[in-house]
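Asker: Residue-level listing of the chains:
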Amino acid sequence: MAIRNPPVDAVMIGFGWTGAIMAQELTDAGLNVLAIERGDWRDTPTDFSPAYAQDELRYYWRHELFQRLNHDTLTIRNNAGQTALPMRQLGSFLLGSGVGGAGVHWNGQVWRFLPSDLKARSHNLQRYGKAAVPDDMTIQDFGVSYDDLEPWYDKFEYLCGVSGKAGNLKGAIQAGGDPFEGPRSREYPNPPLEMPYALTLFGQAATSLGRHPFPHPAANASRAYTNPLGVTLGPCTYCGFCEKYACGDYSKASAQTTILPVLMRKKSFTLRTNCEVLKINMSADGKTATGVTYLDEKGQEVEQPAEMVFLSAYILHNVRLLLLSGIGKPYDPNTGEGIVGKNYAYQITSSVNVFFNDKILNPFVGAGALGMITNDFNGDNFDHAGLGFIGGGYVGILQTGARPIETHATPDGVPTWGLAWKKAIARDYLKTTTIATHGAVMAHRGNYLDLDPTYKDVYGRPLLRMTFDYTDNEHRMSDYLTDRAAEYGKAMGGREIKTNYRKGSWDVVPYQTTHNTGGAIMGDNPRDSFTNKYLQSWDVPNLFVLGATAFPQNPGYNPTGTVAALAYHAADAIKRQYLKAPHQPMVQA
Amino acid sequence: MSPFPVDRRTLLGAGALAFAVPLTGAAAQFRGDGVFWSPNTSSYPTAVDLKANYQFFTSDEAAFVEAAALRMIPADPTGPSALEAGVPLFLDRQLAGDYGKGTRLYMRGPFGKGTDTQGYQAKWPPAGFHRAAIKAIGDHLGQGGGAPFHKRAEADQDAFLKDLSGGKVDLGSDVDGKAYFKLLLQNVMEGYFSDPIYGGNRNLAAWKMIGFSGARYDQRPYVLAYNKPYPLPPVGIGGRPAWTAKG
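Residue numbers (my numbering), protein chains in the order written: chain A, 1 to 589; chain B, 1 to 247.
Isolated chain B (complex conformation) (with noise of 0.2 Å):
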């Protein structure tokens, strides 16, 4: 007998939860037949669709993300900013997403603050969380009349990141400030570095700029060419820029 019984109500709710998720939709038994194979059954990704407005920040919202990206990654004659490279695009379709919901993130309380060490605490998915710390940011630097972050000198704002990323904003009992900027640093980098086909990274200049090979599969040929640079311009899953429409 185990000391742990599997709780009957707890696990109706949770096999109709846990076998929601898509299965392959093979059988789930195999004996015999060799490797299974089913044809036109691969998973390829879904392009982002780059001309519709945004879908999950709200105008005030989007407005704080484009100048907080635009300060990480400015504007300058090396490469794209990031609001060239599409990083609030980007990040807008994944918290519209299956990432912003955190379907794949134990979100389960109790909720506790924890140490730096333990990671991830925060008691919403990355959508909430980027909404609730916006709108922290928000408050805090609108206390007294004060400007909000996109209306900010570029200096003011580097500095309030500058604050953000130490810990030294305190955005209430609710919004760890520090663990936010972490968590918008990540996406933008993401978003910046990321295949184009969701949607950043347009016409694959952040990949150009540093001199990523990107989405190829042969590097045979550049393994033995010491010190030459590589002869290839950058492709995505989906391809060059020249493929694709004019956006």
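Chain A on its own, in the form it takes in the complex (with noise of 0.2 Å):
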């Protein structure tokens, strides 16, 4: 027999970025929250003390802060024509888990999407003709502007305390910021992290070639920062274990750094972790969610009735946990019919490694977002015509701490191991950087989620199913930033450059990025999309799925930035309006 709790007005299934982000703001509304978490409390002192925080081994390599993929994992595959098999160990991407989520051990790279990119399909049909959109690509439009979420992203920025220097102000074009960002309402909370010689080199030798370089935008604190909630934090110390891992000095922004110290003292909040939500229950007619169905710490079932239920776990949890509590239409390739795991994409990524024989770098002294950076081949930001793909990407450098053994990079010609290996890395190690590529994924009708038909969970429940792969599209984009890379490379007048290109299928073996999205997406019409523009279920309209999950294709930044705006977006709209006329739609289909 189920335990029943007395019932809440919001539930939030996961507790990392978007559902402390929502719990803060419905509870101001005046809301009582409960925000289930399956992982573990963990907070900066006890967790990410700087007394060891500083592990490669334990925290990349073991991954003590990731997803437990013996609790439950997903399954992969690049085409319909492949027997999907299970992750069985984490690569590619690093899933999170406890509260913060992934956001503890995520970079601190805060992007906007371009004014274009949340046009994806409009914009690029217009501008170059039905034939730059293949029938196959089913990119959409968000069905949100970036005037609607420039307030939001403004808002996340001044909360996480956000690095960086404005290249659009009002429409006025600033010196020494990304010219070709959208325009925004005010400069940044705080000036760039201070560039090292690596990223200098960079940013000469992009200005050499036309190129417009401005440092990266990083939720890593350049100065003492109290945020408008009155948390604050501490300087950002440049210690090099940021990406994969957690801050021990309060300066990378996470939900622990930024709003839990305040969210945490109100009475009309309450958080239980380890507590794992099974389901999504629903009403008879299938119109309302009435709450959820979680598993206590003590593997007791546990009936949790709300009135409002919000997906705010990664975005892969969410799409999973609607296609097991039954809710929206599965995603069928064969036919396109059906919304649920619908637009599945994810990030194209490439390098070129710059070798120096007199230039010592010091490539361990990093933070997770300082970078110099490049957007003259992101979005649409460059002519595509006679190209043969759209979209694009970021092109730069980020020192974010060149842990050894994850970072060695070697010249061509030279083994991956034995004695001229070792001579080139005792070589080479102080005086090589990396140029990255970061580009977008467009979406494709064969890339979908759906429920795995022999891979179980740890409560016997089927595994998410992943069919990804990269199209002729991101190849061709990716190739070209490559190209990009190398002539700054090139510029940058090292010994020599060595240039990885992206090639073949997606792999789930080396780390690219944790940038999954898409799923349950978001649009203007309930045809073609889960959610309206404030993250809504068009069919269950006190049902919310926050996230990434939202996102019909995947831009060439990362998915953070917009994932908070949209987030705060939405409770925006929530308290304005769906408040006053509970279990309605906001937007009419």
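Hints were generated in silico from the structure; no laboratory data involved. None of these values were measured; they are calculated from a predicted model. A couple of the hints might just be wrong.
Restricting the straight-line Cα-Cα distance to at most 16 Å, the calculated cross-link-like pairs of lysine to aspartate or glutamate (EDC-like) are [as the list claims (entries may be wrong)]:
{"#": "1", "chain 1": "A", "residue 1": "Lys503", "chain 2": "B", "residue 2": "Asp116"}
{"#": "2", "chain 1": "A", "residue 1": "Lys498", "chain 2": "A", "residue 2": "Asp479"}
{"#": "3", "chain 1": "B", "residue 1": "Lys182", "chain 2": "A", "residue 2": "Glu406"}
{"#": "4", "chain 1": "A", "residue 1": "Lys580", "chain 2": "A", "residue 2": "Glu307"}
{"#": "5", "chain 1": "A", "residue 1": "Lys267", "chain 2": "B", "residue 2": "Asp33"}
{"#": "6", "chain 1": "B", "residue 1": "Lys228", "chain 2": "A", "residue 2": "Asp358"}
{"#": "7", "chain 1": "A", "residue 1": "Lys498", "chain 2": "A", "residue 2": "Asp572"}
Using the hints, put the two standalone chains together into the complex.
Answerer: Right, dumping it as structure tokens:
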């Protein structure tokens, strides 16, 4: 017999960035909010102590901060003709677990999408014609505009204390910033991080080629900063253990360092950790979410009624929980019908290593978003006529800290082991830097998420199945970006460069990015999307799906800025509109 | 009604398994009391015992791993070899522990070979994979009275490892030789470059060789020190070699 809890106004399934943002906003509006997190409570002094936070083996290679795949994982394949097999070990992306989610081990790269990114279908059709968007490229507009999101991008940047330089203030281009970005209402809250040698060399090279380099916007505080909630972050110490690690210095923005000190004091907020939501419960007519059923920390089944249900887990878990709960019509790639699982997308990356003889770069001095970047080839910032692809990505150097198990590049012709390898790495480690490309992935008819027919989780439920590969569009685009990166590399004047194109099918083994997107996408009508622009389900108006789950395709920027802006945008509409007329759609279909 | 109800029988067994993993020991509910903190609960890593013998490897397995690691990172004046850095002991301790047991890996069947892009598909966790692969390599090289790997000439060893990495050695249907080479090379690199607290990178010598500063916390003075050698020696989580007892 299931335990039945008293009802709450709103329940958050998962307690990372989006759960914390929404809980903070809704408790401010007077609601009684419960967040259910399946992982552990985690906080800086206990779990991210600077006495041992700089441990590459433990945190990256042994995955201490990440999801335990023995509990559940997903299955993977490149196309529907293959048999999907379980992702038995983490690799290409690093799923989070526990309070703060993947927002604990992120880099702190905070971007806004381009205005045209949010209109990918209509914009590209208009500029390049029908031939530029083949039938199998199932891209869509987001259904929300840059102007709609600007105040909420701004709010997140000020919450995090982002360090950066504006390139476009209310339409006026600013020297030293990104001239391609959409207009900002005001400057970043903190100045850019200090730029180490390799980044300065990159900036000089990019300028010499006529490009527009600028410091990467970073949720790594460049100075002490107190955010609008009254929470203070300390200045980043460039320790080089940011990406894949947790910050021991309260310098990297996370739910812990920006929201929780306030939220956790509210009597109207409850957090339950080590409790896993098994399904979203629905009314008999399928039009209302009545709450959730979860397993508590003792393994007991608990029914939790709620007036509003928010999926605020990572995108893959959001999609799986919809499918396991029987909500929405699963996508069928053969017919193109159905919506849940549709338009799964990812990111395509590549790199160019630059080796110097005479320049000591000390690459271990780093921070997660310490970068010098060019967006000259991102989105539609350049003319794609005749190139054979749409979309783009940023090209630049991120000096995140060269932890040596992960980072020991050697030049062309040097093997990956043996005496020649050893001599090369001893010679080059301090004098090598890497230019990265970070490219968009357009939605494709054959890339999708559904439930696996064979493999089960620890509770005997089907795993999520991911069917994904890069298409010609991604490879052409990535090769183009990689060639631009090689131009930068040559212009930097080192001894030699090594160009690492992204070849072949998507591979789960090497780390690429934890930027999985789609599966319950947003849009302007219920035929083509699962939610409206407020992340509200078209069919179940008291169910909201937060996160990159909503992206119809994945632009060439990191997702978190937009993930947070969409959550704030939704919270604002809920406060202004939904709470006055509960259970009603905020956009008419 | 969910189309996929939880299997209660699976759940009972699984629940015990799932919740046998150490939780924080904290109350699972937090309400209105501020950010939770409990003194003396931080989880400092456990240093391995450098003096004890191998805990996982048999003598035959140790002979293979020592010889193979030495070819991957040979001895020369540039810096420590894999043996001088303590890589085999590191790997032994890793395989004897949670990593070897694959406690965080998804190890449910059915097992299939998969494509290269589907990653780790061995039917064993890392400890079992090493054990099975080392035995298969021994059997393969021993056919017709051949010498074991560790008794072969260096050039012969190198040629074998190169073939293994290229998928040119057939180790039977259970052991994917190319996948094993990748695992072994990764583990050797881990032992060579990880914090010395885990038994490898002895005396921080691999970090000294390349110039990595180690587990330092505040690098602000060095961000703008363009083209200047880093002035400090490396440190580990447990401090510097001078602080530890002679091993």
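Asker: Hints the structure violates: just list their numbers, smallest first.
Answerer: Per hint list: single violation, 7.
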